[in-house]
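Protein chains: 2
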Amino acid sequence: MPSESELSDELGVSRATVRTALAKLAANGLILRKQGDGTYVNAHVREASAHFGNLWDLVQLIEGNGYKPSIKLVSVSKRRATEKEVLALALETGEEVVCLRRLFYADDQPVILADNAIPLSLLKEPLEDIDGNLHIRDIFQRYFHQKISLAITEIRSTVLGADAGQRLGVESGKSILQLQVTLYGRNNLPLAVGTNIFNDAILRLSLVQAWV
Amino acid sequence: MPSESELSDELGVSRATVRTALAKLAANGLILRKQGDGTYVNAHVREASAHFGNLWDLVQLIEGNGYKPSIKLVSVSKRRATEKEVLALALETGEEVVCLRRLFYADDQPVILADNAIPLSLLKEPLEDIDGNLHIRDIFQRYFHQKISLAITEIRSTVLGADAGQRLGVESGKSILQLQVTLYGRNNLPLAVGTNIFNDAILRLSLVQAWV
DNA sequence: AAGTGGTCTAGACCACGGC
DNA sequence: CCGTGGTCTAGACCACTTG
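First to last, the protein sequences are chains A and X. At position 52 of the first sequence the residue is numbered 143 (this note's numbering), and the sequence of numbers has no breaks. At position 159 of the second sequence the residue is numbered 250 (this note's numbering), and the sequence of numbers has no breaks.
Honestly, the hints are just simulated from the structure, not real lab data. Keep in mind that the hints are not guaranteed to be accurate.
Identical chains blur together in the list; that is why a pair holds if it fits in one copy or across any two.
[Unchecked claim] Subject to a maximum C-alpha distance of 27 Å in a straight line, what follows is the list of computed DSS-like cross-link-like pairs (lysine-lysine): (1) K163 to K265; (2) K215 to K169; (3) K115 to K238; (4) K175 to K238; (5) K175 to K265; (6) K115 to K125; (7) K215 to K125; (8) K125 to K238; (9) K175 to K215.
The structure presented is a predicted model; accordingly, all values stated were derived computationally and were not measured.
The task is simple: from the sequences and hints, build the whole structure.
Encoded structure:
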């Protein structure tokens, strides 16, 4: 790529401005910077599906694999929080959670079964209004009036159960990926916990890391 | 945290300098920045094991789980590259690769079985000299005179084979994580492909993503 | 309204890599 | 040696959040 000074001349901005822009690209692994040498575009990025560590953004994950993503709501309900959920979501025992079960498709093929539990106390709109086909980001914005600011994803290997197997159209008993996600809001409080059963026979889960 | 202006005053540096420092922390999810509000330390980071997307750095991964890491060389040899390796490493058919098989321990418990294949043509020192207990970064620096600049890791779920099961002290047939890593050098050419069998019953593989 | 982080300028010097 | 990116300064204004 052109050097920083060339870019700042051509674009009519200061070098500092060019640098902050390039820094963002570099942070996502899109370009590689080498002191004393130059800046290069990262030709290997296309090989990865989750460029920016967006493990929790299932829509992007499917797109990154070159498929057209779509979401289908399986069920929405409310129930008492389990002990695990009480712990993870910082609830009082006996509090209720909203349960979203959704199925993600890649080109009309089911690939991810996503279960989410969200504290009922955060819900700002009627439960029945929830449009389960939306992006999780928009669901939180619209019905919970919350913004997601942090996600922690734990990746596990597990054996596919009968129920999930049927939903995904895969014989149960197979080895499959499980992404356990905890989402946090702007106030640093937990918004949701989720379990995503991920058919890694169809979708690749690959990450880039650019070295300093 | 103190505001940028406070920090720049206290530390006697310009605000721009403070900003670049904070930007690095934010990129790794260690702090959260909110325009119009302030900068906050991310208390949830400690829940993650691989903060910086370092999926290929197994030593850091083990440390992140709170264990003391150690490496034991199982075998080092050379052989013809497989077809897959020819493709992934951009070799000619029939070229040879150096094969490193290593076992990673967490507090003296085997947790990761790592197989690496590196083009023999890159080797700059005698094969026998290789110290398999070193960090992969140092192995490349010392014996191949190469620096790792990019890594792409693909995460899969698989069934544990008999051989790997024995090495890891786990009964074979279990569901387990497989990390397939491709390392690239400064010149953007592939340095190595690796398959890491990862016992996720002991080690957690968790990642943070800070939202913008 | 006051304070925060986000963006930007126009300079300067340093550390590194390739030739 | 020269050009590259890395670091740094001392200002300025804007966008946003909170009280």
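Now the hints, each set against the structure:
For a Cα distance limit of 27 Å, the shortest separation of K163 from K265 inside one copy, 23 Å, qualifies, whereas the shortest one across copies, 32 Å, does not. In this homomeric assembly, K215 and K169 come within 27 Å of each other (Cα to Cα) only inside a single copy, at 14 Å, whereas the closest approach across copies is 63 Å. For a Cα distance limit of 27 Å, the shortest separation of K115 from K238 qualifies both inside one copy, at 22 Å, and across copies, at 23 Å. Proximity of K175 to K238 under the C-alpha cut-off of 27 Å is restricted to the intra-copy arrangement: shortest distance 23 Å within a copy versus 44 Å between copies.
Taking CA atoms no more than 27 Å apart as the test, K175 paired with K265 passes in both settings, with 26 Å inside one copy and 25 Å between copies. For a Cα distance limit of 27 Å, the shortest separation of K115 from K125 qualifies both inside one copy, at 15 Å, and across copies, at 17 Å. For the homomeric pair K215 and K125, the shortest alpha-carbon distance between copies (23 Å) is at most 27 Å, but the shortest distance inside one copy (49 Å) is not. For a Cα distance limit of 27 Å, the shortest separation of K125 from K238 across copies, 12 Å, qualifies, whereas the shortest one inside one copy, 36 Å, does not.
Taking CA atoms no more than 27 Å apart as the test, K175 paired with K215 passes inside one copy only; the shortest distance there is 24 Å, against 53 Å between copies.
The structure shown violates none of the earlier numbered hints.
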